[in-house]
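Since the structure of chain A is already known, use the hints to place chain B on it.
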Amino acid sequence: MPHPDSLFAPPAEPWTPVSPRYVQVKVISALLWWGVLTAGAAALMLLFFGRWQAMLAAGIGIVLTGWAIWRAVVVARSWGYAIRQSDLYITHGRLFRSLIVVPYGRMQAVSVNAGPIQRAFGLATVQLITASVDSNATIPGLTATVAAQLRDQLTELGEEQATGL
Amino acid sequence: MSTAEPDEPVATNGAAVLPGGMAQRPHPLSPLVDSWIFLVAVVLFVGQDLIDSDWRQWLDRIQSLGWYSLIGLAALVLFPVLVAFVNWSTIRFVIDDQQVVIERSFVVRRSERVAVSKIQSVEITQPLIARLVGLAALRIDVGSQSSSMNIRYLGVKQAQHLRDYLMARARGAQVTVAKTTSDEQLLLKVANIRVLLASLVSWGSLGTGLFLVVLVVAKVMVPEQSSWLGFGLIPFLIGLAQNLFSHLKRDYNLTLGINTSGALRRSSGLTSLTSESVPLHRIQGLDITQPLLWRPFGWYRLRIEVLGEGGSDDQQQSSDLLPVGDWAEVKLLLTTIWPSLDLEQIPMRPIPKRARWFRWFDAQTYFWGADEQVLVARGFLLNNRLTIVPHARVQSVRLVQGPVQRLVKVASVEAHITPGPVSLVCRHLDAQAARELAFAETERMRLQRAKVKVSPALVENGSGSRDGCGGVPIRPVGQ
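Chain order of the listed sequences is A and B. Position 106, counted from 1, in the first sequence is what the numbering used here calls 388; the numbers after and before it change by one each time, with no gaps. Position 78, counted from 1, in the second sequence is what the numbering used here calls 237; the numbers after and before it change by one each time, with no gaps.
Among the clues, some could well be false.
Just some of the chain B residues that point at chain A, by a computed CB distance under 8 Å [unchecked claim]:
1. V556
2. G561
3. P562
4. E573
5. T577
6. A597
7. M604
8. R605
9. R608
With beta-carbon atoms standing in for the labels, derived distance ranges [stated by the list, open to error]:
10. B:R513 with A:G341: 34 to 42 Å
11. B:E595 with A:G341: 44 to 52 Å
12. B:F404 with A:I399: 50 to 58 Å
13. A:T427 with B:P562: 29 to 37 Å
14. A:I399 with B:V373: 55 to 63 Å
15. B:P562 with A:T437: 32 to 40 Å
16. A:L314 with B:N402: 47 to 55 Å
17. B:P562 with A:A291: 17 to 25 Å
18. A:I310 with B:F404: 53 to 61 Å
19. A:R366 with B:P394: 56 to 64 Å
20. A:A291 with B:R454: 39 to 47 Å
21. A:P293 with B:R513: 20 to 28 Å
Please keep in mind that the hints were generated in silico from the structure rather than gathered at the bench. Since the structure is predicted, the reported quantities are computational estimates derived from the model, not experimental observations. Every residue gets a Cβ at the ideal spot worked out from N, C-alpha and C, and that includes glycine.
For reference, chain A alone in the conformation it holds in the complex (with noise of 0.2 Å):
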């Protein structure tokens, strides 16, 4: 569920989360990521120094690794939108909250895409295109059934509303 802070609260009814599944996505990337590196650079220490410098070095690693893991959570929890009348609010993070509003008038095109992780639980990224690159309107870690829904009421929407530029 996202963040309760009241500077981040939904405009009226509650957060749509997204799917739990996606923490699982958010996890592995982060145990590849982390782990990968781990044992690179505990491989590196064996190599060029000796066995206490590479227990070191992977001692180290796996307190990133952990703290990754369980910042992966906290974020991937952190997802949520809601649709609104001409409005579609997004919002993410736990440190560096943001809350972007993106109305239907303005959206240009609809993306869906999945990685490679996120494919494998059947999940995906729906992205919303506007005219401005900074929009970055993307809601990760959705089921392809809503995500695909989601796709189908936003086109239909932007295209009810549409503006020109």
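Leaving out everything else, chain B in the frame of chain A:
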């Protein structure tokens, strides 16, 4: 989105799709303008040869080569010119009441078309050679996602006529190609001296001046060692001269005018004359900056944000509407672009004192405010910037808060517009005020968008219901 008219230039590799109107060709002298450098090289080469040796010897030498090799040599040398000529002969274009179609069939068949109502801006460029011959290149900008369409070259009058027509159509006026008239009002001219002086008054030249002083002092104190210091000064001087020249080259004889059809025109250039026209309602936002060094002179720079091709050189030109001007000129431009905007009436609110944790030296310069039509943000010390964005042009709004901001209970609000030099961020507002601003902004966006849908031009008769919050009225930036 499906519309009856084509959205962006559609390039197809198919058969000719010109509508049954009169297809035109670019001007016949175009291939010469494109390949003038080869012709000049040939003439120089032959001429030099002729001068070096006696003309009888030269004739003998030519004859000894034989006819075939002579023809082959000529073909090789004139090959680029031939290519340019063939290229020219395969270009056709049609600009009629609905769309612009350009067809090229040199090697690859390519057809670009765009609906006239989707045109963002039109530019007429005259490189030096084209200027001498009286030709101009027409460039039509459609949007950031597609590249612009070029027609090289047309007669100057024809290019201007087409430009006026396209600008009138882009605004939604129902004119036809034949009946376009152009009534232009000159807004202002920027003196070349001022452009020169303004590019001199910069941190770079200050640094060079300082270096010069050090050099003189060193020469006095240690005469025998200081010659190499002089060498160190040379790159600075070269850089300074380059900077000066590039500014002058771009902004020489800068004039700004406004067309009755609602298009802003900016013309400037030393060797190559460029004239860019932008319909007023395509202006996504603007900002007025004043570097610290310009304060004693009272100079400002006005930049506008237009949706167009993102080439670095091109964008620099069209977005830097007024590279250096005084406050009166800035106000004139503001009233031209948005007549209903009254900058002094918008109450500007400062940011809380706790924002000093982030900007200890210039938190006091940050202000923000909004009225019915625009959102305004002001800030920075070294480069004082005032950004104005109409609600109708905002694409999305974001509320952000970092960990330190959370401790201090402030947050920032970003209003996103099309990519470019202008960006609006209200930094380090009180957290609750930030949230209110973000949500109020979405509401205002919705209202203004509804108005824009009714009439395509930005509504210019706004009545004044201001954001009543008793803040500090805005003063001209820096005074």
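Violating hint indices (sorted, rising): Checked against the structure, no hint fails, so every one of them is satisfied.
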